[in-house]
Structure formats: C-alpha cells, structure tokens
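Student: Each chain is listed here by its residues.
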Amino acid sequence: MVWSFISRTRGRGRFDVTDWLTWGYLILGIVLMFGPVLWVAMSSFKTDAALSEYPPSFLPFAPKTVMVEGYDDPLPLYEITAGEHRGEVLAQIRRIGLNAQMVDPQNPAEKINVKIGDRAPAREFAMAFENYSKLFERFNFMRYFWNSVFITVVATIITVIFNSMAAFALAKYRFRGRTTVFLLIIATLMIPPTINLVPIYLVVNELGLVNTPWGVIWPAVATPTGVFLLRQYMLTIPDDLLDAARMDHASEWRVYWRIVLPLAAPAIAVLIIFSVMWRWNEFLWPLIVLTRSEEFTLQLALNAFQGDLQTSWSGLLAMTVLTLLPITIVFALLQKNITAGIAQSGVK
Amino acid sequence: MAVVELQKLVKDYAGFRAIHGVDLRIDDGEFCVFVGPSGCGKSTLLRMIAGLEEISDGELRIDGRRVNEERAAERGLAMVFQSYALYPHMTVRENLAFGLENIKTPKDEIRRRVDEAARMLQIGDYMERRPKQLSGGQRQRVAIGRAVVREPKVFLFDEPLSNLDAELRVVMRGEISQLHRRLGNTMIYVTHDQVEAMTMADKIVVLKLGTIQQVGSPLDLYNRPANQFVAGFIGSPRMNFFEATVAEQARGGIVATDEGGRRVEAAVSPERVEPGAPVTLGVRPEHLEIGSERGHPVTVETIEQLGGESYLYCRDSNGRPITVHKSGQTRIRAGEEAKVFLPAEAIHVFREDGSALERLRIGEEA
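Chains A and B are the protein sequences, given in the same order.
End of the first sequence sits at 348 in the working numbering; the numbers just go up one at a time, nothing left out.
End of the second sequence sits at 366 in the working numbering; the numbers just go up one at a time, nothing left out.
Keep in mind the hints are simulated off the structure, nothing from the lab.
For each residue, glycine too, the CB sits at the ideal point set by N, CA and C.
Take the hints with a grain of salt, since some may be wrong.
[Unchecked claim] Rough simulated footprint, nothing fancy, chain B against chain A, three-plus residues with beta-carbon under 8 Å: (1) 121-130; (2) 258-272.
[To be verified] Derived pair list, reagent style EDC-like, types lysine to aspartate or glutamate, alpha-carbon separation capped at 20 Å: (3) A:K172 / B:D28; (4) B:K326 / A:E252; (5) B:K104 / A:E252; (6) B:K132 / A:E252.
If we strip away everything but chain A, and leave its shape as in the complex, we get (with noise of 0.2 Å):
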C-alpha cells in the first residue's frame, strides 16, 4: 500500500520527464534541508581529534587502539601499505622525524621502524557518547536545559490563554471599536522587533525582572500572530454553540473554557507549535534579558562555547543536538494538528 503509494509514476508503470523532475527536485529537497541537520547529528559522535581531520568523514571514525604488553597507554593501531611489513597492522609507540617506531601486538618485544607515509591510521566506526557525557558532567547542561523549558513551556501556556481570550472576545462578543482594537493588534505586526528592544528592556528593567525567567516570558506572550490566527478560527465556530451553552446555564468563563478552546484546537495547536519554537529558539532577547549565566537559556549557553579563543566543536555540536531534540519531538507529536489547524485557519 504505502509502497506503491510512493512509487506512483506519472507515465503509466514506467518513469517519464515529470517523475523524474519530481524525484530529483524533492530528493534535492530533503538533501539541503536534511544534510547540515543529519551532518551536525554525525558529527556530534566524534571526537575533537576527528572533527579536525581533513578530509571530514560523514560517519564518526575513531582510530583503533590496542594495549601491548609493557606499556602503560593504549597503543593507536596503523595498517602498514607499503614497505617491508605491507599488509601488517602494527601499534605504534611513538613517531621520531620523519619514521614511526611500531611494534606487533603479537610480538611486543620487537621494534620496528616505519617511514611515516607507509601507513595509514586503522580506524574503526566509534560513536563519542562522551561529547554527550561531558555536557552532563563538566557543564550545566540540565540547568540551561531547565531554564530553556521552563520559558517555553510557561510563556507558551500564557500565550495560548491570553490570545485565545482575546480571540475570543473579538471574534464572538459585539463590541464598541472592536474593528479598532482588532487592526490596532494586527498593525504591531508592522513594528520590527528590533525597534521594540529598548523601550521593553526599559520597562522589563524598571519591572526588575533583568536576569529572571519572567523578564524572557512576560514581553512575548502577547502576540498578534496568536490573536490573529485563533480569532479567524473562532469566527467558524457556529454562534449557535455558544447560545446553546448560554442556555445550558454556563457563565461566559465556561463557555470560553469548554466550548471555545476545545473547538478551536486545532488552531491552538499550531499556535503552541508556534510558540515552542518561538520561545525555545530565541536568542536576541534572552540575551540582552539574562547576563547570569544560571539564567541561560539552551540557546544562550550554545553561544556560550564558543570562546573568545577557541571553541569546543564536539561540545557544541552535541549541545545543538540536544538542543534539537525537544523541538522536533514536539512537531513530530502535533504535526497532524498543524497541518490541519493551518490548513483550516487559512493562515499560511
């Protein structure tokens, strides 16, 4: 069934022009949007000394190492490819100019010299877990992890209550300047936000909520995007509905709380996935808001590793990895409610 859903061709049973321009423009699709990401991912697996091998490798390869008897390390393992012992693997103790001192794990007691271009480092596939590992032991990864979700989760839960009462009003309650009040909403959209940061951090700082989680939450939570979008969805709720849960004995509160917001969730839906990824990706407030830097966000932290005078990549890059990871799992779980709740608020 999926099966020959997706190998569906145009001409009849055989490929022509159309499938293959297809194809080739969507695996050409998912390449560029799917390639830095599953790079990145990749590359979090390897360790720093991998990470400046060039040329880079797609998978995570690590040279292989031994103990021989009589010394203390592991010994990094080489295949031999030219020379006297072509087609050996050896460990090598130590390189001297321009030879190599190696020795045969089978036979430690033996040395043998190679010129360093007869071999080439035996390398086996090695995931690093310990770029993972390390974010957890030597870094406060849980820390920025947490403040990271506690902004997201608190300001999106906020934004979704106060756009959808406003929605609400404005959608279904009849009012002097609602037209007004709706444009007035809409026309902060014109208002780039870069603009904004000043006047906000004022208020924010005299609020005294510079370095708290509230100064990030409180000045996104009113977004005419939100507004926008529940209250064109709450204009199909029939007004039968309502008059019916008015006869029904429920207060306005009640019929918000039971019959608008659970009707309107697909829209809500898209609005948290807005939200989420909003607040979860934010980097330019945050970092004006929050200097401490128990304060820091994920996004804030990521920016925090790369130092003035050298930047650790696998750290980065696993952090980005984990950084990733919540979003996408939120998309993935309501993808099927945005695609609808887009398609049914006409909003793109």
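With chain A held as given, fit chain B onto it using these hints.
Tutor: What follows is chain B alone, placed relative to chain A:
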C-alpha cells in the same frame, strides 16, 4: 409549567425595527407555534424570549415575573436550535449532562435524568458517540433530549425540523407532539412551514414583518383568517384570489361582480363594505367545484393525480392561476376547458386594506 406574556415587545437593530410591539399571552401547557415567511421576525422573537437577544422595549413576563434583565439560563427555558448546536467535542451523554453540570447537580441525579431522557427519546444506544457519528434524526433527538433533561418551564424550538428529510420530518413532528402531551410543558415552536404549524399547534401566531397578523387555533386561522396574508399563508395549496367589486348587500351576505362581470354570492357580513368597493374574493382549492355548469371558465393546464386526491392547476381568461383540489380522481384532462364554481359559504372576502369580512356560514362547522 409557565405562562409566558409578551407586552409591547420591541426589537430595534441599528437603524431598523425588527419587532413592532408584540402583545401575546401563551398559556400554561400550550403548544404555541410562531409561523411566518422568512424575515418576519419569528426567530428574533423566540430569541428575545430565550434571552439570547436583548429586548429593546416592552416587557416579557414568565409566570407573572418580569424577566427582561435575566440571563438566558435563569429564565428557566430550554431551547432546541435549528442547527441542533450539539457540542461536537462531547459525547451524547456529555452533551445531555453539560447543562446540569453547570448548575452543580449531584452526579447520580444527572445520571438519572440523562438516562430517563435517553429512554424517552430512544437514544440510549449511542450515548457514548459523538454528534458527528449520528444521523440527522438522532442528532435531533439528542438536541431535544438536552432540553428535556433540564426540566425547563418552557421549551423553545427554533425550526428544529428544517434540516431533516420529508419523511423524518413527519416522524419527528409526531414525536414532538407526543413529548408535549407527555410532559405537558408550555412549548413555543418557530417554523416557516405552515403544515407543521397546523399539525402541532394549540395556538398559532402568524407573523409578518415583525407584527402579529393573527393569533388562534389552527382551524380558526383556516376558517376565519383575519386578513388576506393569513388566508394566503395558511393552507396548502394556497388559497385562490379573485378581484371583484361589491355589487349589492343582500340578505345573508353580499353579491359581488368579478372581472368578467359574473355575479358571485358570498356569505359574509355586509356591514363593513359599501356597494362599489373593490374587494378580493378568496376560495381555498378544496372548496372550488369544478366541472359544473356554472361559474368561472378556466383552462386546465396541469393535473396531478395522486389516486386519493387530485390537484388541477388552471388559468382563467385573465391568465390568473387557479388551483383546484378534488378528492378522489378526476376525468378532466389537461388542456380542457372547464368551469369552476365558487360556493357562497366557502368564499372569503377581503377589503382593500386586506382585512377580512366576517364569514356567516362556515361549511366545515355545519
């Protein structure tokens, strides 16, 4: 159990008046039907009674108590909507229970009432389904059930059957009437279908452009329409109208001359007309006698033979359509010339302003 009184009820929308001072009293246990063409304000009036539409002026009393300012739910009414307005995200059971939960009814009481309503309306088999999974008739029952569980003083129905197919409509019509007999509540029912009004109502209120045209029992309205509008609206097929002039006032009625100069006797009170006044004569299709030697010459255009009854669609010399209803079958064929006779006791006479003259002898009651 409740008496609903409307006193000079007015509804103003920005710029126009939808309801022009309606006075009406609906007695306890009465089945009252608001009927009228679309845009006549019948739904608005119902929504004003329900409390979903603000009352601009006048007074609404339920059991003698003024309720203008009370919220919809506090008035003790329940409403069945045209669109059913079932909560799509709740199961049938939750739909029925929602109103009771809102007033914090104890759980076992809710359960008892919901189960009872479910049994009464035969919806017990799909209590756990959602409205989407129900057919039109089942949704209609659930919508009625949601009103029943509330045990309201007054039931309000806003064109509840208009979304059903013809057959189901007849069934549900019967069920609503039965419900009314069983519960004995006051019910107010809005429809644009005069057949529904005739078959279900104790009292019919005919509305046009926000004013009451006539209030009465179905047969009252049928036999003694107060004006030409009501006469035309009640009864199916429509009443036939003929232009005429009053010739003389006679004993037991008037004599009028129609457009062809023929004399037509009508058994109506001669008091409110003078000879020479233009009037409209109205005769219901079932009262016209076709095939006799006297009367209006017409051409039969179409015939519908239903076996038990026949409808003949004719046109007179002026091109005016005339419908004749004949019980049983007819030998007349389409295209034939025939004469239709207007029996004196079946004629309604309307003055120029549309108001009816009182009929003196009414065939049905004789």
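Student: Run the structure past the numbered hints and jot down the numbers of the failing ones, going up.
Tutor: 1, 3, 4 and 6
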